[in-house]
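Each chain, letter by letter, is given below.
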Amino acid sequence: EAGVTQFPSHSVIEKGQTVTLRCDPISGHDNLYWYRRVMGKEIKFLLHFVKESKQDESGMPNNRFLAERTGGTYSTLKVQPAELEDSGVYFCASSHNSPTGELFFGEGSRLTVL
Amino acid sequence: GDSVTQMEGPVTLSEEAFLTINCTYTATGYPSLFWYVQYPGEGLQLLLKATKADDKGSNKGFEATYRKETTSFHLEKGSVQVSDSAVYFCALLNTGGFKTIFGAGTRLFVKA
Chain A
48 EAGVTQFPSH SVIEKGQTVT LRCDPISGHD NLYWYRRVMG KEIKFLLHFV
98 KESKQDESGM PNNRFLAERT GGTYSTLKVQ PAELEDSGVY FCASSHNSPT
148 GELFFGEGSR LTVL
Chain B
482 GDSVTQMEGP VTLSEEAFLT INCTYTATGY PSLFWYVQYP GEGLQLLLKA
532 TKADDKGSNK GFEATYRKET TSFHLEKGSV QVSDSAVYFC ALLNTGGFKT
582 IFGAGTRLFV KA
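Residue numbers (this note's numbering), protein chains in the order written: chain A, 48 to 161; chain B, 482 to 593.
Calculated directly from the structure, the hints in this document are not laboratory data. Keep in mind that the hints are not guaranteed to be accurate.
[Claimed, not checked] Sample of chain A residues lacking proximity to chain B, with all beta carbon distances greater than 10 Å (derived):
id, residue
1, G63
2, T67
3, E99
4, S105
5, P108
6, N110
7, G118
[To be verified] Covered stretches of chain A, as calculated for chain B (at least 3 residues, CB under 8 Å):
id, region
8, 83 to 90
9, 152 to 158
[As the list claims (entries may be wrong)] Per label pair, the in silico range of CB-to-CB distance:
id, chain 1, residue 1, chain 2, residue 2, range
10, A, L131, B, E557, 31 to 41 Å
11, B, A593, A, R69, 33 to 43 Å
12, A, T120, B, F499, 28 to 38 Å
13, B, S560, A, E61, 42 to 52 Å
14, B, G482, A, V85, 13 to 23 Å
15, A, L113, B, S495, 40 to 50 Å
Built from N, CA and C at the ideal position, the CB exists for glycine as well.
Just need the whole structure built from these sequences, with the hints factored in.
What follows is the structure, encoded as structure tokens:
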């Protein structure tokens, strides 16, 4: 079974530009999560999808961040316009329909905003 | 709100040394507790978990016991190997919730 895949693995952009990160969860996983780790600090929750619906987006920093999950399959996280403090590693994770608590993570997308 | 605090790294050990990485948590209710590990160039993966007080999670020689009285879930291994070099994250998931809360991670270096 293929794991969670994220693209790109690393993106370097200028402040004010737009970046779109993509996540393909494990096939059949209805739950999809976005997390972010900034400067070696804790991994912070951004939001949670169940299929195509946003279940919890309480961690989204502000309205410059937009997440979508088309048809309940892959998800995108767009940052527009990017600011310096958005730099970090963005992780995507998915989990089973009847969650045991275990999250399956992608390798992360490192975003550097200059 | 719920939170996880773990010891700052990096932790540097020689091969075959004993490892302890401390983790304490704050949560309402009765959370499940986890240790995830991130090896270089890879995503996080579940190392072990415990779902109730006094449970011991174990995997690959690592162990952690859910201590409700001290709100702790310390990770231990009796004899580390170079291949254990990684970042270790303590995490909790509260009952009925879907939001896993992570600590800041502890980087472990094991020297041959």
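Hints, verified against the model:
1. G63: 30 Å, holds
2. T67: A:T67 is indeed farther than 10 Å from all Cβ atoms of chain B, at 20 Å.
3. E99: 16 Å, holds
4. S105: Since the minimum Cβ distance to chain B is about 8 Å, A:S105 lies within 10 Å and the statement is violated.
5. P108: With a cut-off of 10 Å, A:P108 remains clear of chain B, as the shortest Cβ separation is near 16 Å.
6. N110: Fine: 21 Å to the nearest Cβ keeps A:N110 off the interface.
7. G118: 21 Å, holds
8. 83 to 90: holds (count 5)
9. 152 to 158: With 4 residues in contact (Cβ-Cβ under 8 Å with chain B), the coverage given for the region 152 to 158 of chain A holds.
10. A:L131 - B:E557: 31 to 41 Å: Cβ of A:L131 to Cβ of B:E557: about 39 Å, so the range 31 to 41 Å holds.
11. B:A593 - A:R69: 33 to 43 Å: 39 Å, holds
12. A:T120 - B:F499: 28 to 38 Å: 45 Å, violated
13. B:S560 - A:E61: 42 to 52 Å: 48 Å, holds
14. B:G482 - A:V85: 13 to 23 Å: 18 Å Cβ-Cβ, so the 13 to 23 Å window holds.
15. A:L113 - B:S495: 40 to 50 Å: Hint holds: Cβ distance 48 Å, inside 40 to 50 Å.
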